[in-house]
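Asker: Residues per chain, in single letters:
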Amino acid sequence: MRVMAQMAMVMNLDKCIGCHTCSVTCKQAWTNRTGVEYVWFNNVETRPGQGYPRRYEDQETWRGGWTLNRRGRLTLKGGGRFRKLLTIFSNPKLPAIQDYYEPWTYDYETLTNAPLQEHTPVARPKSLLSGKDMAVTWSANWDDNLGGSPDHGDKDVLLKGIADKVKFEFEQTFMFYLPRICEHCLNPSCAASCPSGAIYKRAEDGIVLVDQDRCRGWRMCVSGCPYKKVYFNHRTGKAEKCTFCFPRIEVGIPTVCSETCVGRLRYIGLMLYDADKVLDAASTKDDHDLYEAQRQVFLDPNDPAVIAAAEQAGIPRDWIEAAQRSPVYALINTFKVALPLHPEYRTMPMVWYIPPLSPVVDVVRDTGYDAEDRGNLFAAIEALRIPVDYLAQLFTAGDPAPVDAVLRRLAAMRSYMRDLNMGRDADETIPAAVGMSGEQIYDMYRLLALAKYDERY
Amino acid sequence: MSRLDDPLSDALVGTRRFFTRGEVSADHRTLHQIGGRQADTFYRDRWSHDKVVRSTHGVNCTGSCSWKVYVKDGIITWEAQQTDYPSVGPDRPEYEPRGCPRGAAFSWYTYSPTRVRYPYVRGVLLEMYREAKKRLGDPVAAWADIVSDPEKARRYKSVRGKGGLVRATWDEATELIAAAHVHTIKEFGPDRLAGFSPIPAMSMVSHAAGARFYNLVGGAMLSFYDWYADLPVASPQVFGDQTDVPESGDWWDAGYLIMWGSNLPVTRTPDAHWMAEARYRGQKVIAVAPDYADNVKFADEWLAPAPGTDGALAMAMGHVVLKEFFVDRPVPYFTGYVKRFTDLPFLVGLEEDGEGGYRPGKLLTAADLGREEEHAAFKTVLLDAAGTPVVPNGSLGFRYGDSGVGKWNLDLGDVDPLLSAAGGDEPAVTVVLPRFDTASGAAEPMRRGVPVRRVAGRLVTTVHDLLLAQYGVGRPGLPGDWPTGYDDATQPYTPAWQETITGVPGPAAARIAREFAANAEESKGRSMILMGAGTNHWFHSDTIYRSFLTLTTITGCQGVNGGGWAHYVGQEKVRPITGYSVLGTASDWSRPGRQMIQTAYWYLHTDQYRYDPFSAATLAAGKEGGTFAGRSTADLIAASARMGWMPSFPTFNRNPLDLADEAGAAGRPVAEHIVERLTGGDLRFACEDPDAPENFPRVLTVWRANLLGSSAKGNEYFLRHLLGTDHAVRAEEAPPEARPKDVVWRDEAPTGKLDLLLTLDFRMTSTTIYSDVVLPAATWYEKHDLNTTDMHPFVHSFNPAIAPPWQTRTDWDAFMSIAKTFSALAATHLGTRTDVVAAPLLHDTPDELANPHGRVLDWKAGECAPEPGRTMPKLVTVERDYAAIADKMGALGPLLDTLGATTKGVTFEVGRELEYLRHKNGTVRGGAADGRPSIARDVQACEAILALSGTTNGHLATQGFRTMEKRTGVRLADLSAEHEGKQITFADTQSRPTPVITSPEWSGSESGGRRYSPFVINVERLKPWHTLTGRQSFYLDHDWMAELGEWMPVYRPPLNMHALFGEPRVGEQGELGITVRYLTPHNKWSIHSEYQDNLFMLSLSRGGQNIWMSKEDAAKIGVHDNDWIEAVNRNGVVVARAIVSHRMPEGTVYMHHAQDRLIDVPRTETNGRRGGIHNSLTRLLVKPTHLIGGYAQLSFAFNYLGPTGNQRDEVTVIRRRSQEVQY
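The listed protein sequences correspond, in order, to chains V and W. Going by our numbering, the letters in the first sequence line up with residues 1 to 457, in that order. Going by our numbering, the letters in the second sequence line up with residues 458 to 1680, in that order.
For the record, the hints were derived by calculation from the structure and aren't laboratory data. All values reported here derive from a predicted model rather than from experimental measurement. Beta carbons: idealized from backbone N, C-alpha and C, even for Gly. Where hints are given, some of them may not hold.
[Said to hold, decoys possible] If we take Cβ atoms under 7 Å as the criterion, some of the chain W residues that face chain V in the derived model are:
#, residue
1, Phe499
2, Gln538
3, Gly556
4, Pro722
5, Thr726
6, Tyr737
7, Ala756
8, Glu758
9, Ala763
10, Ile1574
11, His1577
12, Trp1581
[As the list claims (entries may be wrong)] Keeping only pairs whose Cα atoms sit at most 25 Å apart, straight-line, the calculated DSS-like set for lysine-lysine is:
#, chain 1, residue 1, chain 2, residue 2
13, W, Lys643, W, Lys1573
14, W, Lys1573, V, Lys155
15, V, Lys336, V, Lys285
16, W, Lys525, V, Lys452
17, V, Lys167, W, Lys1331
18, W, Lys508, W, Lys529
[Said to hold, decoys possible] Among the chain V residues that face chain W by a calculated CB cut under 10 Å, a handful are:
#, residue
19, Cys16
20, Arg33
21, Asp289
22, Asp419
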């Protein structure tokens, strides 16, 4: 056992209101400067949708992340690292600026300075790349709230294979939001892709950073990251990425995106894991088993053996304590409601998500069915507007079972708590049906619903 | 151990171990860096800063979020939310963090190229002014020279909005502004000046700055809540209150929550989490929205009624609740509640309709019983269990006068009121009620029986019985046409009936209604409806809201934590209302001010009234020949003004200063003089001839607002008639037979009525672009101010992170500057004059006793004598020392010493507070304000507001409650006792958001740290509502309500624009495109027009004006996503990009407001000019019942009651245009 500590995040998508405050506060703090105009360390995607950059999840095109080779050994999907060195001067798997968007501004000053003229002055869009007039045809968030779905909806990469379950029709509409930052993976393919060794994981907290002195601008990290969360600064010629706000984390305050999240849906905590197990877990054969394999890499911070090994590894006592009261650990391992994003990329991502509940479809409602009725509680999961299969594409490499289990736990919490809310006796059969105790449900409720500042972080 | 890749790669990577400072893992998989952190200094530097300053955003969103503003090297870098709100308890979520992406992007404005850095004046005007001043030697004479010369006036007015602004100095700009004011006052009268700035709560000192100036000089301040159509007129109608709603933390307490036309994630971004989190407590959540709105994803169920038909759904739900919970199985909690807290048990007289039926009449009063006691006509009557008429405490008649002392309360004693008149000796009768669910929206009769009794010789029934008849809930033995069951689609208001209108399945409507009521029954009132602009911006929204309020009231949810209505549309709570009002209305120096209903103001002054080709009677319920017959809406506005119901400025077709002089010369009281001249006909109300030059508004100042890029419904009519510049109006004027009768029709409609448009702003908007003078304003990160909201119970502050940069000034400073220049010019040109203010009959004063039974008597028609303060406006003289305006601006005046400060009928004595402020702020020495407490600086104004309000000063709260205890006879002062010694100071608000104190200024209670819910004091302490009955009112018996058939909640469909204006029908497709319903909901990427020009918001959205449409409509006209489209109707033209999505319903498009014309708007194909804004396709339509005044809760108060500037009933033709656009 080689204990290491990792800063991790869980986002409760069920609470995300899609407001993009996280994106704006992050951009203001980190990337509102020349060379990274198009860069959003934090972005929020409407799903179904293409994401940012467009279709980044299409690894058949981008070849990001890891895969197992014929011998079952983990290898970069973009080709072994030797190959990376050979193709260092022409990297064909790089998204173009149009895949992100062409950043622009406006000639605002004309509004004040325009001489007397025939028409009302107007500020026209100007490209931030060329300085010329431009027509805006794509943005960082073009398909927000399903905008443009008839023309673009079918380009969502996740629809492959389940297109019959997602209809772009008014009556069947569903959507949810997916905020994304760098995953600060346990097995970062960006780092493995870098010919210069400029990307590293901080030993004490696992934050993945680009060494700005060593980066040579090869951009292999951009290709290697399947989440497309490493960006190229075209001014400095270096790669940049989300830093997990390390200057803040180091002084004990949460990341900008977390603290400014008005949905109060982000949790930050420390996870202890066994570094020796990472490669094995990432090499798990069946994609469906990767979620569970990654969970097995995490160590129980209350286990005396783990504590001893952690102390031996030089992890300070207050860090161990932080791991013990980590909300992220509770959501991932105790309550098992958080799931990794695209485990099939085999990078062992460390930003996890609680999948969203959603309205029940009209078909069921019109029959007089009531999702709140505890007798129908679990059947309701099937009738949610967001197809479980779609969520499974995101979080469990297509396996619906873990997603279904999470949604059942959330539904059980609502049902159990309603009795208490109304002053009725608690019904202990509800938590039992999802393999939890009433106390556990209550603890989970406090963490998800009350979500006090000092319990979120 | 597993291995990576292949041996070659492995070896290569392995060598790296020897060349790096880092540590490559044993499996060669990853690199851990140890040391080498200097490479990351860039990010550490980036994060470092010199200071963090607390401020907030003074924007019209009522978010009231406290922010950290980061400053480095004297430059504002960015902002992030504060998280230090005091806890609301260990078992609840907290208010942290509060904010949204718009606010997070605010600092962009500080140094952006759209920042207004210097004063600007329209070049053509400035040249003429300089020339005239040089020639004439006097600023006032120079201004007069320009505006009195039609050619000169045309020269600068006709180029408004076409560039050509030039820099000026503050001195020159304020001189020109002051000259315009002085000239206008002298030539036309002070009521030809107007100020517009909305929503004091968002920065109350900044609002008060200009409001104080205009109130001191006698200008009119324009209302905003009604103008924005955010005022739910149903609130004064039902509650007798402007709007009082729960803080968002109280959503947590609800067991059942319906979000109805309220898209929380977008419009209540910082509060939405309460809803998301309450679901985990088992709260059931329903979303009612015509599209798959952002909030639908949180709901357990989504009902998607056709736009504007929400009233039908709510009426059907009311039908189900009344049937199942009142008739089939009466629920004790519900009946107990409605007997005590609503007008349901009160008696209503029935009037024969001459055709064998009856119609609802007037509420029975003590006067009808023959009692001759004080205010008998305002004491309503019910039957006790024995069937004996009783006059219970608490009605309006007990609120005023000596006999009501200690009796204005809801204590019924031993009386158990009868809800129904059933069980008497009289046979039931049939009442005829109107239904409006016809294709044209015209009324058809509906005959339904009610049980009756005979009381004091009159045939009466109860409000309860009438309500059951209205809702179509039958009972055995009653005559009339009743639904056969829920599935009877022919009879209002069954679930099946609503399905034919809304498209919502009947069983779903019935089930949601049942669940809502069952939850309320079990939880004793914890069912809540969160209602928003989607249901409140319609012409008939008052009826929609009354049907909602019926649901929350009959289920005993109002006045209960976690229950009742939660209206969140432009609602804004100036928690320290009394102090703010003193400063803003300048009531410390002179009373009353001129406060105008903005909708009527622009309806007349932008000549939109000339384009109404129908009579006001079109909306009536009865047969032809009613009181509206042959009258236009403008006629009704004039009637309302002359009867003293609603304010009207400019008031007379003469300068009020001259009228006062004239009376003085004649040696007569001014009021007497005016009445005589009015009745003689040689003096007229200005609103009876709005197109006469002497009646034009001449000067308009806009600050903290963007009238022409945002709220101006009928934008193109503003451009044409008010400003006199290019416009896109295509409508034709009313044909002769539809023109006003009392209001003068001038053949030529004037253009360019306004002489001066002045705007103070920090960014360029359509209002600044069209302005004659633009003054550079400090931003919200550059000044001191106060901020509060309905949404949370804290007061917190603005503070300057940097000093106002370039030549910007705070609003307080700017208006002080204007006042000083004005006072200097006025000293010679105006001196001291007597003004006469025509003040309407006011709510929460004995004025509301003016019209017993809501009977309309028009002195002009000879129906009564003209009597100021009863049948016409009060005529009050005010002395104005125009040279002393600046002195008065900067100090608290002496009227406070003698008259105190009054809020909602409670007068606070503030001697102690004035003494405190003398020491806290210091006193003024010399001048007109010698010895008075200073408010010369904005910080001092903040202290004054906090000291003079009960919510922030425990002494005043307790004093106010003691005053109220005397009138009500119930215990109240204990509510604020816990904080009696607490005085919140500005420093408190700077250190942390500070919770307010329970105060009689509001109806809820925060005592003991509970969440604010409105009407808790009414329900728990039996303090009456400010209505006729003292109870929540389902029944409104005013003549004009009857004329429109709106005694009770009723379904009225969206206006039929085809029938009214000849627009094509929705769904019609022709050469010019397809006709669709045109809605302008709130925008995800802006707060009204603020932020829509912000580069961050534009980068996250589509980068310019856009219109959302369904894929079905898009397909019909060949539109693809992002295509340029053109929307055209009689009001104007819009060119925008299409956003096509399947989440939009067919037949409806959204152009989210407010998308100004300044960002990427090309010229139109239709007229070759710059495309319009969202409001270029809308226009004003005034609902007559919103003009009622002088009767109980239907009495005017500023922003309390008045016609709404609704805009949702509009339609437009939309088509794909050439994709080659010209700018």
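Asker: Now tell me, hint by hint, if it's right for this structure.
Answerer: Here is what the structure says about each hint:
| no. | hint | verdict |
| --- | --- | --- |
| 1 | Phe499 | holds (6 Å) |
| 2 | Gln538 | holds (5 Å) |
| 3 | Gly556 | holds (6 Å) |
| 4 | Pro722 | holds (4 Å) |
| 5 | Thr726 | holds (5 Å) |
| 6 | Tyr737 | holds (4 Å) |
| 7 | Ala756 | holds (5 Å) |
| 8 | Glu758 | holds (6 Å) |
| 9 | Ala763 | violated (12 Å) |
| 10 | Ile1574 | violated (13 Å) |
| 11 | His1577 | holds (6 Å) |
| 12 | Trp1581 | violated (10 Å) |
| 13 | W/Lys643 / W/Lys1573 | violated (59 Å) |
| 14 | W/Lys1573 / V/Lys155 | holds (23 Å) |
| 15 | V/Lys336 / V/Lys285 | holds (22 Å) |
| 16 | W/Lys525 / V/Lys452 | holds (20 Å) |
| 17 | V/Lys167 / W/Lys1331 | violated (64 Å) |
| 18 | W/Lys508 / W/Lys529 | holds (7 Å) |
| 19 | Cys16 | holds (9 Å) |
| 20 | Arg33 | holds (9 Å) |
| 21 | Asp289 | violated (15 Å) |
| 22 | Asp419 | holds (7 Å) |
Taken one by one, the earlier hints fail for this structure at numbers 9, 10, 12, 13, 17 and 21, listed in ascending order.
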